[in-house]
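Student: Sequence:
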Amino acid sequence: MTTPLFARLLAVAVVALAGSTALAAPAELTLYNGQHKQTGLALVDAFEKATGIKVEIRQGSSNQLANQIIAEGSRSPADVFYAEESTPLAALSEHGLLAPLDASTLNQIPKEYTNKAGDWVGVTARTRVVAFNPALIEEKDLPQSVLDFQKPEWQGKIAIVPTSGAFQEQIVAIEHTSGRDTAQAWLTGLKRNAKIYNNNVAALNAVDRGEVAIALINNYYWYGLAKEDGENNIKAKLHYFGHGDPGALITVSGVGVLKSSPHQALAQKFVAFMVSEAGQKAAVAAVAEYPLRPHIRSPFALKPFDQIDPPKVTPADLGSAHDALVLEREAGLN
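Under our numbering, think of the first position of the sequence shown as 1, with each following residue one higher.
Accuracy of the hints is not assured; some may be wrong.
[Claimed, not checked] Below, computed lysine-lysine pairings styled on DSSO-like, alpha-carbon distance capped at 27 Å:
1. Lys37 <-> Lys303
2. Lys140 <-> Lys157
3. Lys237 <-> Lys191
4. Lys195 <-> Lys235
5. Lys111 <-> Lys312
6. Lys235 <-> Lys140
Worth flagging that the hints you see were computed from the coordinates, not collected in a lab.
Start from the sequences, fold in the hints, and give me the full structure.
Tutor: Listed below in structure tokens is the structure:
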């Protein structure tokens, strides 16, 4: 028979045990991942193994997720937002939705690849390139500038992806370096000359199959195709413009912590991991992008980062790329 005193002690013990179990429950973060799925998974897997902190991934396009966060406001379940481009992060920063990042995190990455407000940081970079099919055009016959693709002789030979965030960043880069009229003329020419594809993989595959001679894409898509099919089995090659041309634009993927996150310390820890040596190695092992942390090497045979010779356009210059959407609409590309 259980005595009243023993019953009370047992009840207290059960409550205490339940409380300690709740306190010991594993922490979990929610990541809105607009970066490529394999990159997000690689970083999350490495972080979970290193810390024991679980991360739930919600996958989508960067612009879609940024708009969702803006709509959700302070009720957003996201703790961390990882974007394929810098422009959606700039939009969230403009809306005041991102928390300041720890200075020790920001200091791991060169300042030109972080937001001046200190609320997002670059993780990896890629460069805009031309994929071309040598059976249809020799590299020596490619123009000196990406702007030349607006000329009539390129009609029917180009693949573009107007919905691509990197393509939209390229529009803003042209506007920044050469003016709005130049950007508008370029888009008007591409509207006449180009075949439109839904994504960059489809555009690259069109070049590889010989449907079009060239495509405006990011460098890493070619490396993905070469890894999948074997470099000797694909026809498409890459051309780098260099000499400060907007065709050599460097774009940045980045990450920020939501101001509304109830897990600020854990979210900051995750972002710090992404720019750490271990995080950078995990990111660039997944996709052929450039690590932004100094002294980290990609396992892919990339063109050296210091030989790209991009235009003098930073993520700060690109902003939220709102003008790109306006210019595309005026040219009939969206």
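Student: So if I understand the rule, the pair passes when the alpha-carbon distance is 27 Å or less; does Lys140 with Lys157 pass?
Tutor: Status holds; Cα separation ~16 Å.
Student: Assess, step by step, whether the Cα of Lys37 is no farther than 27 Å from the Cα of Lys303, and give holds or violated.
Tutor: Roughly 24 Å separates the two Cα atoms, so the pair holds.
Student: Tell me if the straight-line CA distance from Lys237 to Lys191 falls inside 27 Å.
Tutor: Holds, at about 24 Å.
Student: Next pair to validate is Lys235 with Lys140; report whether the Cα-Cα distance is within 27 Å.
Tutor: Roughly 16 Å between the alpha carbons, so the hint for Lys235 and Lys140 holds.
Student: Measure nothing beyond the straight line between the CA atoms of Lys195 and Lys235; if it is 27 Å or shorter, mark the hint as holding.
Tutor: Measuring from Cα to Cα gives roughly 19 Å; hence the hint holds.
Student: Lys111 and Lys312: Cα distance at most 27 Å?
Tutor: Within the cut-off at roughly 14 Å; holds.
Checked against the numbered hints listed earlier, the structure breaks none of them; every hint is satisfied.
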